[in-house]
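**Q** For reference, the chains in residue letters:
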Amino acid sequence: MARNELILTDVTKRFGGLTAVDALSLKVESGQIYGIIGPNGAGKTTVFNCITGIYKSEEGSVNWRGEEIRGMTPYQIVDRGIVRTFQTIRLFSQMSVAENIMSGRHIKSRQSWWHGIIHTPGSRRDELENWKKVEEQLDFFRLGEYAASPTGSLPYGIQRRVEMARAMAVDPTLLILDEPAAGLNDKETLVLLETIFKIRDKGVTVLLIEHDMDMVMEVTDYLTVINFGKQIAEGTPEQIQKDSAVIEAYLGSEDDDDE
Amino acid sequence: MEKLKRFSLPGFILVMAVLPHLLDSSWQEVAITFLVFSVVALSQDIILGKSGMFHMGQGLFFGMGAYATAILNNEFGWPILATIPVAILVPALIGILLAGPIVHLRGDYLLVVTIGFNIVFVQVLQNNLGGVTGGPNGIFGLDSLSLLGVELMSQLSVYYFAFAVLLLTFWVMRNLEGSKAGRALHYLREDQLAAESIGINTRVYKIFAFGLGAGLAGLAGTVFAVQYSAVSPEAFDFIQSVLFFSIVIVGGSSIPGVLLGVFVMFVVPEIFREFATWRYFIFGLAMIAAMILRPRGIVPATFGKIPKFLIKGGGHGA
Chain A
43 MARNELILTD
53 VTKRFGGLTA
63 VDALSLKVES
73 GQIYGIIGPN
83 GAGKTTVFNC
93 ITGIYKSEEG
103 SVNWRGEEIR
113 GMTPYQIVDR
123 GIVRTFQTIR
133 LFSQMSVAEN
143 IMSGRHIKSR
153 QSWWHGIIHT
163 PGSRRDELEN
173 WKKVEEQLDF
183 FRLGEYAASP
193 TGSLPYGIQR
203 RVEMARAMAV
213 DPTLLILDEP
223 AAGLNDKETL
233 VLLETIFKIR
243 DKGVTVLLIE
253 HDMDMVMEVT
263 DYLTVINFGK
273 QIAEGTPEQI
283 QKDSAVIEAY
293 LGSEDDDDE
Chain B
147 MEKLKRFSLP
157 GFILVMAVLP
167 HLLDSSWQEV
177 AITFLVFSVV
187 ALSQDIILGK
197 SGMFHMGQGL
207 FFGMGAYATA
217 ILNNEFGWPI
227 LATIPVAILV
237 PALIGILLAG
247 PIVHLRGDYL
257 LVVTIGFNIV
267 FVQVLQNNLG
277 GVTGGPNGIF
287 GLDSLSLLGV
297 ELMSQLSVYY
307 FAFAVLLLTF
317 WVMRNLEGSK
327 AGRALHYLRE
337 DQLAAESIGI
347 NTRVYKIFAF
357 GLGAGLAGLA
367 GTVFAVQYSA
377 VSPEAFDFIQ
387 SVLFFSIVIV
397 GGSSIPGVLL
407 GVFVMFVVPE
417 IFREFATWRY
427 FIFGLAMIAA
437 MILRPRGIVP
447 ATFGKIPKFL
457 IKGGGHGA
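Residue numbers (our numbering), protein chains in the order written: chain A, 43 to 301; chain B, 147 to 464.
Derived from the structure by calculation, the hints contain no laboratory data.
Each residue gets a CB set at the ideal place from its N, CA and C atoms; glycine is no exception.
A few of these clues could be false.
Stated by the list, open to error - Chain B side only, calculated, beta carbon under 10 Å to chain A, not exhaustive:
{"no.": "1", "residue": "R152"}
{"no.": "2", "residue": "L155"}
{"no.": "3", "residue": "G276"}
{"no.": "4", "residue": "N321"}
{"no.": "5", "residue": "L322"}
{"no.": "6", "residue": "K326"}
{"no.": "7", "residue": "L331"}
{"no.": "8", "residue": "L339"}
{"no.": "9", "residue": "A340"}
{"no.": "10", "residue": "V350"}
{"no.": "11", "residue": "R440"}
{"no.": "12", "residue": "F449"}
Unchecked claim - Here chain A is said to cover these stretches of chain B; the calculated rule only asks that three of the stretch's residues, wherever they fall, bring their Cβ under 8 Å from a Cβ of chain A:
{"no.": "13", "segment": "257 to 263"}
{"no.": "14", "segment": "450 to 457"}
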């Protein structure tokens, strides 16, 4: 068996009569930057929700390093090293950037619930260690100058970086990015590309959804294309660009997308 | 402004430490109730303000603590101080048990359920459950405080007992703010889905908030029972819970906010007692004005209290 990290087998998710994800299978290997692309409404975000435990797929299996994670709760899945960001940024908007990143340390912190009432030397040390980890993320994402600013007041591009920093603070094994380039300008997208490569170089596997085709082709090692919840192609970016089914899905009649 | 903030809490503590010597006995009574209500309102703040759960039954936990002290003292002859652990633990455990099945409810649904719990509790007291709650009249004639065999009969000693409980509550609130558990409450209030997706078991921390809030309210209940040497059901009914709820909403989710809330909602009506029922008219208008002008409370929660070494370049602090 290869070093497959995440294996989806025949994952199916239905909402009433609508099959949002239809018998999808894919394999994400350790150290890859893996992309999922597809037209609007193809079910990409639903796939992410099924992996991260926000939805439970009706059928199929989600296997993470030999363990079945389908049906686990989101925090149990985070505990296994899978962390995500959201397409529509979901930060704790009244809280500062540093506090937002600190939320990523929650699961790594050794404090018990009763340390919320009485501190001990151990809990103070743990608190300080985790703030140091936050500092590392602030430096890595060049967010230091915003550390004390409330995230709700920051420009969109910076909020995206904060959300990634928060996810990276967990020390994930698999980072799932839902349209990380949405709403970014060209310059910010370039910085994002560099950041994703740097994250991969740290040994983190990256799984991403993206609309920006130029970016996807540049950044990913392997791609899956889905439409109407079904996989229509998979392969390296070069293979995908030549695939006729993909070209049809993207350039085919607009009517298809509306259905 | 920053300086004002830094010195306001020590200033408040200093004023409260000398205050009873400047007041006559009826105002001392008001001051003691102010201290007790502050503790209950802060405990309500843990559930409502910090965790964002619409809980309108804090009178239940407050009353449970008061009754635990009263019953143990009256029926079983325990000294008042010995009843404190029970008066904290019983409401805390009941709070955890009651919260378990209901914390997943959203805002208004949770509100209705907690009001229901409060009404059931008062009914149980009035119907003299097990023959120990004294029915509609409650329990009276409790012993006074005694420490190391010395009877502390005076109102002044009750005041300082209440003051010590408030200081303990401040300390717990401060510890909560600087801990993983306290931050988890803020995270789940701001965005529950994001909190779960970053690894927070929101259910556990919501129940924790209920347990801690209930325990502190129970402790305040002991002081309340000592103050009047008596307990009766109407002191813990639904209207009281509404008062604690409004205090946190009007004051805002912070220690100065809650204290100001208690002052505005409880002490100010006492000051204007001579205006008879007119004071409630003014009081209602003040509430409306406060909500329009400061929708997040008089002193809202502040964030960005992060270690100094993280703040670089400065000037960006909010």
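**Q** None of the hints should be skipped; say for each whether it holds.
**A** We went through each hint and held it up to the structure:
1. R152: violated (16 Å)
2. L155: This interface hint is violated because 18 Å lies over the 10 Å limit.
3. G276: Given a least distance of 31 Å, the restraint on G276 (chain B) is violated.
4. N321: Since the shortest Cβ distance to chain A is 5 Å, the answer is holds.
5. L322: holds (5 Å)
6. K326: holds (4 Å)
7. L331: holds (8 Å)
8. L339: Result: holds, 7 Å to nearest chain A Cβ.
9. A340: Hint on A340 (chain B): holds, closest Cβ of chain A at ~4 Å, below 10 Å.
10. V350: Since the shortest Cβ distance to chain A is 7 Å, the answer is holds.
11. R440: violated (15 Å)
12. F449: Holds - the Cβ of F449 (chain B) comes within 10 Å of chain A, reaching about 4 Å at its closest.
13. 257 to 263: violated (count 0)
14. 450 to 457: holds (count 6)
Figure legend: structure checked against the earlier numbered hints; hints not met, in rising order: 1, 2, 3, 11 and 13.
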